[in-house]
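Q: Sequence:
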Amino acid sequence: MEARFTEQYLALARDSWERTAQRGAELRTEYEETYRALRRRVCAGILLGAACAAAAALLVVAAG
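Its first residue numbered 37, the sequence shown is counted upward by one per residue in our numbering.
Hints in this document: simulated from the structure, not taken from any laboratory. Check before you lean on any hint, since a few could be wrong.
Now the in silico label distances, taken between C-beta atoms and shown as ranges [said to hold, decoys possible]: (1) Arg40 / Cys79: 56 to 64 angstroms; (2) Phe41 / Arg76: 50 to 58 angstroms; (3) Arg76 / Leu48: 57 to 65 angstroms; (4) Glu66 / Val97: 44 to 52 angstroms; (5) Ala57 / Cys88: 25 to 33 angstroms; (6) Ala99 / Ala61: 55 to 63 angstroms; (7) Glu68 / Val97: 40 to 48 angstroms; (8) Leu48 / Gly85: 48 to 56 angstroms; (9) Val97 / Arg77: 24 to 32 angstroms; (10) Glu62 / Met37: 54 to 62 angstroms; (11) Glu38 / Gly60: 31 to 39 angstroms; (12) Ala93 / Glu62: 43 to 51 angstroms; (13) Glu38 / Val78: 31 to 39 angstroms.
Cβ atoms here follow ideal geometry from the backbone N, Cα and C, with glycine treated the same way.
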């Protein structure tokens with residue numbers, strides 16, 4: 037009886053850990069995709085800001 041309980045308990049624990057590991061992998065994939073998209077947006081914003089600053093500097097130099 038005790039051995040059967042131990043086997044069942046270990047099987048449940050193993051299944052639980054496998055589900056946890058699988059969900060962790062799924063979350064990692066989701067977060068990596070979100071991070072890449074955010075990084076692209078930030079880089080695009082920085083490049084746009086730099087281009088606007090350069091254009092403004094050129095206008096000031098040309099007008100001055």
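Q: So which of the earlier hints does this model not fit?
A: Violated hints (numbers, rising): 3, 5, 10, 13; every other hint is consistent with the structure.
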